[in-house]
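Start from the sequences, fold in the hints, and give me the full structure.
Protein chains: 2
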Amino acid sequence: MKNYLKHHEWQIIEEGLNPHYNRISESVFSIGNGRMGQRATFEEDYSGETHQGSYVAGIYYPDKTRVGWWKNGYPEYFAKVLNAPSWIDIKVTIGDVKLDLAKCSLENFTRVLDMKTGVLHRSFSATLVDGKKVKVDAKRFCSMADGEVGAIRYAITPLNFSCKASFTLAADADVVNKDSNYDEKFWEEVSKEANLGWMVLVAQTKKTLFQVCTGIEYTFESEGKKTKGKVFTNTREKYVDNVVEYELQEGIELVIYKYATVLSSENHPKDKLIKNCIKKLDHTKAQGFDKLLVDHAKVWEEKWKACDIIIEGDIAAQQGIRFNIFQMMQTYTGADERLNIGPKGFTGEKYGGSTYWDTEAYCLPFYLGTSDPSIARNLLIYRYKHLPKAIENAQKLGFTDGAAFYPFVTMNGEECHNEWEITFEEIHRTSAMVYAMRDYIDYTGDKNYLAEFGLEVLIGISRFWAQRVNWSADKGKYVILGVTGPNEYENNVNNNWYTNYLGAWTLRFTQDAISHVKATDVGRYNEIVAKTSFKEVEETAKWKDISDKMYYGEDKARGVFLQQDGFLDKELIPVSQLRPQDRPLNQKWSWDRILRSCYIKQADVLQCMYLFEEDFTVEQIKRNFDFYEPMTVHESSLSPCVHVILASKIGYKEKAYEFYLRTARLDLDDYNNDTEDGCHITSMAGTWMSVVKGFGGMKVKDGKLHFAPYIPEQWKSYSFNLEFRGRVINVKVSKDKTETKLASGEPLEIVMDGKQLALA
Amino acid sequence: MKNYLKHHEWQIIEEGLNPHYNRISESVFSIGNGRMGQRATFEEDYSGETHQGSYVAGIYYPDKTRVGWWKNGYPEYFAKVLNAPSWIDIKVTIGDVKLDLAKCSLENFTRVLDMKTGVLHRSFSATLVDGKKVKVDAKRFCSMADGEVGAIRYAITPLNFSCKASFTLAADADVVNKDSNYDEKFWEEVSKEANLGWMVLVAQTKKTLFQVCTGIEYTFESEGKKTKGKVFTNTREKYVDNVVEYELQEGIELVIYKYATVLSSENHPKDKLIKNCIKKLDHTKAQGFDKLLVDHAKVWEEKWKACDIIIEGDIAAQQGIRFNIFQMMQTYTGADERLNIGPKGFTGEKYGGSTYWDTEAYCLPFYLGTSDPSIARNLLIYRYKHLPKAIENAQKLGFTDGAAFYPFVTMNGEECHNEWEITFEEIHRTSAMVYAMRDYIDYTGDKNYLAEFGLEVLIGISRFWAQRVNWSADKGKYVILGVTGPNEYENNVNNNWYTNYLGAWTLRFTQDAISHVKATDVGRYNEIVAKTSFKEVEETAKWKDISDKMYYGEDKARGVFLQQDGFLDKELIPVSQLRPQDRPLNQKWSWDRILRSCYIKQADVLQCMYLFEEDFTVEQIKRNFDFYEPMTVHESSLSPCVHVILASKIGYKEKAYEFYLRTARLDLDDYNNDTEDGCHITSMAGTWMSVVKGFGGMKVKDGKLHFAPYIPEQWKSYSFNLEFRGRVINVKVSKDKTETKLASGEPLEIVMDGKQLALA
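Chains as they are written, first to last, in our numbering: chain A, 462 to 1221; chain B, 462 to 1221.
Please note that the accuracy of each hint is not assured.
Pairs count within a copy or across copies, as identical chains cannot be separated in the list.
Cut-off 30 Å, straight-line C-alpha distance, at most; resulting in silico cross-link-like pairs (BS3-like, lysine-lysine) [unchecked claim]:
(1) Lys1216 x Lys600
(2) Lys1003 x Lys1049
(3) Lys996 x Lys1049
(4) Lys639 x Lys667
(5) Lys1165 x Lys1193
(6) Lys689 x Lys736
(7) Lys1114 x Lys766
(8) Lys552 x Lys1010
(9) Lys525 x Lys668
(10) Lys639 x Lys668
Read the hints as simulated data drawn from the structure, not as lab findings.
Structure follows, in structure tokens:
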């Protein structure tokens, strides 16, 4: 855990450069707009620890992966999130000396991410090796008003000299991916054009042939007027620049505005990329930095109106929750139904792929509660569109008759992750899509979704479960063998309780959905029957038999459900007894030691109790929480939020708050020692859930919104808005009271602490 | 299963070229001499299916392996068996047409491997596209008399023309490894010299920097006299040749003798490689092909005297057993204690590494029974020398205090395989080394081995087990969690019965060894105590507790031991009910489907019953055999031989014979559809065991040799020699009687069918 960032309500602040933490800061201070994003690397040269990263949504590379052994059904590739061509470079040479922050003496360095307006701001004074001293003030943003635009204002003032300086403004596709398996570079040049004053570079990914066109224009200003230097251009393979030689005058600020337009072949025909890029580039430059910034900030203002959570009396918590909401909003805007929420967003390369079960299990509730229902619906339809691929995935593994097995990680519906213990065995993810449907319908009331899209998916997934279980003659029950549950610190176990529960529940949910669609839209029902060759009587009979006779492991003496068969054979030693030097386990212990230990990466049995809270008594939840939580290391960022919600439910308020801090400030404080690889974007939705579902006790039951709020001791008050069925409801919880207002929309009856409450 | 090779007592014969099976033949017809070896690829060009493979013992490449995810303790590399520089090429061009057997019309093609003399012989008549017809007769061998020498006699006769021909005789290090992860080539050129008449090429492996120096000389003869052509030389990166242009005369045979000397930096200082190579080359050429062949054949004659098994009345079985013995003998001669028995020997690249548990569990008994005890002892000492590395391996995985964990696959003592489910979890292999000690001591009576080398290894391995088990409060027993047993179609299971048994036995064996060394050589004992910081009282108390309270799964109703916890949850469907198109499972089913099925790759519970036969009643063995064998797919080549021995023991004679054919002719008939990748060398020792231990009922009990022979119905008689404590014993089993003779050595009392028998 680190604590080098200053607490502030609306800003993330680093005062003084922390070279050892620079890669962490680069992740934390990242900016994006749903279409493109950028780690907080410097515009200038930097020879210290850094990890340059520019990203364009939807662009990936299917890197082939090979191990000593290959087994049938292994995916062919691992989809890498690609480091895209960089548009931020402004390399500075003063006299003969490069401005390199690792080689200067620095004063007043600050890096500030203003979350209210989505702007990264950096300033410092640097004394170069030859004694020359400059002051720099740099701002940049990726425009929320136009997802293809980035802008930089780079101001430099010579403090104790006048001399010639040169500024290299580049577009550079000669970039590396940190996690390239064999130091391979993934971009090839298509074309480049370097003119005096502007340049355009088109690069293409190998294999996938995505093209990204980066256009750069710029202006120089001094003392409020445009000014010019002597310009040269350089090109090399995958690189174009303009070098501007300029006579700096002591005490006089030079301001460089760099405008970038980044167009992807996902949104433009390849043969129109350059034309469209230049057009947008001219328009962007014509608007100018200040106008672009105003438009950008306006979008953020609207977003914050809808989704802000205000915490009074605890700046660290306030900063944490806003940081999480900010990242969610700049990663996925819901504007493009082909996109999804990558686990690192635009903050790093790690994890690859764009879509995990995180989307359904964690992100969906966030977007349901903060945004128009169409955004959550888009997320569901994304999976509907992948149904044929999910059926193919299942076929590759030997399943038949239209069984659908959704991938663990995907870009286009195909599995693109390749640890067998995950891709083959972490099968519960395929039902996260089912749970998301239930969540969406409960929340929005839009039950028509089942007939329109849902039922086809449900039939496919239920077929998968029906083939995946087997009858155990020994137990006289259906069992599910060889799985990995949400707790990935167990692999290839039998009868993971969460998986068995979710599988059986899915089969029941599908049967209900069939009844509903049949009753409300028999025409569409028959269409689906024909399309899926559904044998209703036979298949539903089988599904009923399985869901009725599913095996659930239990320790009756302790009154707990068993995470999996054999769990009680382990040495059950609480995490509190581990030596500090053993943590985090995934960095300190070998894999086999983790596997045979009792330690739980993230909620597993408890994940089920969170999802199906209504199926269990508070006593049951308490017993299982008391048993499993002490063995949980929370080394998945998805873990703490579930614990906040359950701890709140069973009255463990202090524990809940402790977990909350952990999820809310996971990346700000680098709890898991891995923020340098990027932020944990999808789990950030969990932070929002922690407040709204945890402290606020929000849930939807029988179509009604319920709250059971309490306030952490450390806070004075907190308040949040909630989108719900056409209304916006504002809830403010203080020490002594809860105020609930209908901010917009029709009157509504809700349930507050178990009592009906009419909002008008 | 294929059946294209002709049955013959001493030869493997292919009549007519089978292009689709060519890669299988290349494996089967491989030749070697313990130091170098060669797949049966053609000297000429061949544009059909082929897999060129030349191998030099001890030369490997640590190919880095990367997957999407890396976990702590994963080995850094996968050791590839390297395809070494080729010395066999004699490319032929007649007029303008290349001799390419894929593009000719062929008559009388035969490929013969003469096992008696270790010579590969190939002859054919080929009609080229332009109608020219030639007859070719090619022989080659890797000299058993000098492990660095290979020789080829290539005779070509123009049948219907006279014309100019050119012959390209090359040394070529520009070779590929079929299983290179990224199409990388692993050799770099050090130097080359191409003269008229001879050439030398030194190539070096990347990373490991092994050097191999290949020297080539040759002579041309016609009508019994030396002759010459016009010679050119060509060189390119990693390649040298001589091109000899020669006027072929219709009906007159031209004989080319090509001599190769292949020296490795493992046996020569790098700066002497070329000098030593040239010296040997001159000497080799001076001796000439016929003399080299005589010396080579003489070595084979001696070997066959010691280890031949003669089967009368069944040519297929005779051919099978000799093929297995032949391959064992040409793979490992015991001459170099740094070498071991690679699973593919010199017949292919697959599997990587050189040393598996196959050596101890399968190969050792073969060498004990057929060779001087020093060879088996060398195999034990090989592991003794790796003890420090085994301790390091254990440390990498978090074990402490001198625990030793031997690698699953190794070249130099380090783990070089990288599936976690194997390297971390297939822990039983570390006790195969212990079992090998017992086997060696039982067989040779050399109990001093314990004091000299054994006990240090035993203490390390026992420490490993003591840390690897854990106490299950639930079971009130010690359990072993997260393992893979010999049956690799199960991964990460708990309480694999074989592993638990072997672990507990190891702890007991070590305690016995301590008592023995203490009683017989207390000085050495104290030395070992000091060297290993052994805390006798404390450590042995713990070991005793564990071995006394180990958990063994059992199904009391069925009277069988449980392969692992939860085995009875599976659908227990016999292999006989699988559809033919599902076999072999490892080529047809996805990995997860295999894992959750009941199917057993190779003996697992039964492997234990084979190793510890004396611990179980015939009834117990029968019940377990009847339960597990029908679910066994024998997709490991190590499986059938164990079943021959157990089936023999329990009187299942027909089944025993069926399994025998499967092991004896595994590669000849390509049972598992994978011989094209190389032969299953280590399992070939199992074939020998099938006859001697299975049909012959040989075992050593209390220092005495026991036999309980029977004869398969299909055979007239079989006989074998056995090396045992300074004697050679010959056993001949016929339908009506068994004759046992002392072929050499002091008188000896043995036990035949339970009765004492004095041999003099």
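Do the hints match the structure? See the list:
In this assembly of identical chains, the alpha carbons of Lys1216 and Lys600 never lie at most 30 Å apart, being 50 Å within a copy and 96 Å across copies at closest. Taking CA atoms no more than 30 Å apart as the test, Lys1003 paired with Lys1049 passes between copies only; the shortest distance there is 27 Å, against 46 Å inside one copy. Within a single copy, Lys996 and Lys1049 get their C-alpha atoms only as close as 52 Å, which misses the 30 Å cut-off; across copies the closest is 28 Å, which meets it. For a Cα distance limit of 30 Å, the shortest separation of Lys639 from Lys667 qualifies both inside one copy, at 17 Å, and across copies, at 24 Å.
Taking the shortest alpha-carbon separations for Lys1165 and Lys1193, only the intra-copy value of 19 Å comes in at or below 30 Å, while the best inter-copy value is 89 Å. For the homomeric pair Lys689 and Lys736, the shortest alpha-carbon distance inside one copy (26 Å) is at most 30 Å, but the shortest distance between copies (70 Å) is not. Proximity of Lys1114 to Lys766 under the C-alpha cut-off of 30 Å is restricted to the intra-copy arrangement: shortest distance 29 Å within a copy versus 83 Å between copies. With identical chains, the CA atoms of Lys552 and Lys1010 are never at most 30 Å apart, being 67 Å at best within one copy and 70 Å at best between copies.
Proximity of Lys525 to Lys668 under the C-alpha cut-off of 30 Å is found in both arrangements, the shortest distances being 11 Å within a copy and 23 Å between copies. For the identical chains of this complex, Lys639 and Lys668 are neighbours both inside a copy (19 Å) and across copies (23 Å), given an alpha-carbon limit of 30 Å.
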